[in-house]
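So the protein sequences, as listed, match chains A and B.
Counting in the UniProt record's numbering, the first sequence runs from 1 upward without gaps.
Counting in the UniProt record's numbering, the second sequence runs from 1 upward without gaps.
Derived by calculation from the structure, the hints in this document are not laboratory data.
Check the hints yourself; a few may be wrong.
Note that identical chains are pooled: a pair holds if it fits in a single copy or bridges any two copies.
The list that follows gives simulated cross-link-like pairs (lysine-lysine, DSBU-like), each with its CA atoms no further than 30 Å apart [said to hold, decoys possible]:
no. : residue 1 : residue 2
1   : K188      : K105
2   : K175      : K114
3   : K15       : K175
4   : K418      : K486
There are 2 protein chains.
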Amino acid sequence: MEPFSSLITPDKNSKQPVYIQIANQLMELIRKGFLQTGYQLPSSRQLADSLNVHRKTVVRAYEELLAQGWLESRIGTGTFIAAHFPEIKPQSSLTEPLGNNNSSKKAGFTFEEKPHLNRAVIKNNIKLHLDDGFPDPRLAPLEELSRAYRTQLLTGNPYVRLGYGDTAGSYWLRKELSAYLNETRGLKTSPENILITRGTVMGLYLASTGLLKKGDSVVLGELSWSSATGNFLQAGANVVKIPVDEFGIDVEALEKICKNQAIRMVYVTSHHHYPTTVALRADRRIQLLHLSEKYGFIIFEDDYDYDFHYLSKPLLPLAGADRSGMVLYCGSFTKAISPAFRVGYLVGSENVISYLAQLRRIIDRQGDTMLENAMAELLQNGVIQRHLRKSLRTYRNRRDYFCGLLKTELDNYLHFQKPDGGMAVWTEFDKKIKLKDLSEKALKNDLFFSDGSENNSPTEIRNATRLGFASSTTEELEQCVGIMKKLLS
Amino acid sequence: MEPFSSLITPDKNSKQPVYIQIANQLMELIRKGFLQTGYQLPSSRQLADSLNVHRKTVVRAYEELLAQGWLESRIGTGTFIAAHFPEIKPQSSLTEPLGNNNSSKKAGFTFEEKPHLNRAVIKNNIKLHLDDGFPDPRLAPLEELSRAYRTQLLTGNPYVRLGYGDTAGSYWLRKELSAYLNETRGLKTSPENILITRGTVMGLYLASTGLLKKGDSVVLGELSWSSATGNFLQAGANVVKIPVDEFGIDVEALEKICKNQAIRMVYVTSHHHYPTTVALRADRRIQLLHLSEKYGFIIFEDDYDYDFHYLSKPLLPLAGADRSGMVLYCGSFTKAISPAFRVGYLVGSENVISYLAQLRRIIDRQGDTMLENAMAELLQNGVIQRHLRKSLRTYRNRRDYFCGLLKTELDNYLHFQKPDGGMAVWTEFDKKIKLKDLSEKALKNDLFFSDGSENNSPTEIRNATRLGFASSTTEELEQCVGIMKKLLS
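Just chain A, same shape as in the assembly (with noise of 0.2 Å):
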């Protein structure tokens, strides 16, 4: 008999049992060829003796390996490796250990890892933070979501509501959207003109993956949000900065390129600016409009906060003026409820949408339908609405008294511009600072912040970064800036 201990080696305290340990190790003897065609195993009695288990386990994992036609029986003979496998010779001695090599850490094929797509995933568990420009989760209306998403779990017909629905995302949410955005937007949608997100990322990946060729021009401002370049990249665009000012991203510098060259893309965060937070001016405004009808690029409007603005008015959306079907428009409720809600949308003409809505498809298939439901409900019965007025509130004080302990606490280090709107201070630092180092000492102190790096580009470098008031109540903005003071004195 063959040395069998040596070769099959089951551990009694694995989760898996112990006669599945067994057949894998049989089948993969087979697999490295030391098993033949043809070879008759030992009795289940006498591998169960040399391996040192019941017998009927070893029965167990040849009737396994029996089933999946990896061994045959001959009655009155024995059990024997089955006849139709191809020859394989040995590929290994005996002597490397059998299912114990790096697969499990490393492929056996190569690939080519793109260098856009390696970014580090910022994860903020720490007491004190001030973050990118995130909600306040502690005032988001979760009781009425838990409660609306198990209406939609539990009530109608469960082989419709649980079956495969439309790619473009409930329908339900798509009209109580539209007429929330009209009504707050000024826009002029029906549900057509709607593909529900899972939040803004989604919605430019369709849009770049879905319109984009490769070579097509993007433009974007310097600085901008790092995962919108990221996305353009991956859909293989050339990306083209334009300067950003006090005003927004500079028309005139687009317009000077596109005479030059063809556009396909111009990315804008018209409302407030990413990463520094200022708002596009009307002029600039409609002058991008009118580029885009004169040289035929889309305009991709990411309005990712329009509904945290603190003066008498927000500006409205670009896609609210255009009539020439130029702009997509994108938002989403992350900054309405949490990150971890990943439901948004995207608007656009009904050609664009219908078709992005089939690109989904193969992406992940459809939205999370109850999910969807839920908040179309919310949105029905003013939950959000009424959330979003109150959070509104409660952000602008948090806002003015951050920004009056900047002032007061901080003013020899830093300075900005109070932000008319959104969660997040843009804070440009004393060229003395060291920011990794200030961010990284503040960690030990339990209080996080990011060093803005991720917001730099490689030609242009900012001493600056994003402190987020809105997540924090006074108090704990309070500890914040002591704590930075301590840090920086």
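Chain A is already provided as a structure; the job is to place chain B on it using the hints.
Okay, now just chain B, sitting in the frame of chain A:
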């Protein structure tokens, strides 16, 4: 005064406030170049009279435009179009109604629509159905899921719980799933080998977008799942088809191809081939793994219904016997709960998984952490496992009952092999029967089943379709077969 009443036409029945309508239409007049920089607007009283609205409405519209910088107010003189506007020549005659064109239907730019994305979406709201092979959501543990979701939503630190998380998915679910896959499928995974997806579609999309280059060759069986083909075409791959017989894909045909051209990936539904439901025979499995090592191609193993096998034991996945890191293994909870549950997983070597998690970041950022954690809780408590055992028994009975009915009632019109697993019977109809007509007639009799055309390819057209039995009770199955019999005889 200009004839404003013909240019500005607010609709009092619209849900959009009248002042926003007036502001938008004024903006449009400015943008279209009809109202030029420096032009003095009529007083609010004059315009209100002319439009037959309240004066305060016009004042609010003007205030809106003043706040946005479109207008400027000169004390004691009036309201003017702001000075810093670029002069834009009128682009359209005033006879053309403003804001009343076709842009909501059709974009102002063109784009290439890829034909492989243009596929019919089958939505089925019919009471009686023999579907593609969906589970019965009446059996699913929805009450437990709803409770678990609520717990995840409302318990613990909301800032951490509802903030951005790992792009590879909830670590808790990855841990539970790793243990579950190792126990039930003989895999040897750790959480780092697992990426939580939005279902099989996303697993396929990530693998094809991340690992294929334009022109790479991908091999599939003829017939295969049309969504897989769509995904490979989207990645720019060259799709090569090989025959499928009663033992699965023809691995000898694959070897012949490998000898003549480089193959990057082979797509296989090894457990129950889609659509024909046959299992890949053990010797072909060995040979496929062997060829994968020899020729360096990736095996994408789509194990969409592993949990549903009615013989003593399911065949263990290829992934369990892969010792060289050549297999990407893909599954989902779609068949365990319902199609609307978009939670699945991709299993592979750590370096591939972490790269695909980077790619996933720019597609939809991350999954639904709350839902993923709820699934983890249900796995940890054994709820999913109990549900699977229970529904396995139910579906086995339904299969037996349905196959019995087909045999006794419809034997003259069709033939089939009773499937060893899965949720559908691959049914070939007599050549004289036109499946498209039959399916249309059935729909008029409140019975849905597909005409099977989505499974056909240009080179292989079969008069066959999948008839799903799992989502119907035996009484419902009886009604379905009754209707078919009536239509056929």
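Results of checking the hints against the structure:
1. In this assembly of identical chains, the alpha carbons of K188 and K105 lie at most 30 Å apart only when taken from different copies (12 Å versus 52 Å within one copy).
2. Taking CA atoms no more than 30 Å apart as the test, K175 paired with K114 passes between copies only; the shortest distance there is 28 Å, against 39 Å inside one copy.
3. With identical chains, the CA atoms of K15 and K175 are at most 30 Å apart between copies only, with a shortest distance of 13 Å across copies and 50 Å within one.
4. Taking the shortest Cα distances, K418 and K486 sit within 30 Å of each other inside one copy (23 Å), while across copies they are farther apart (75 Å).
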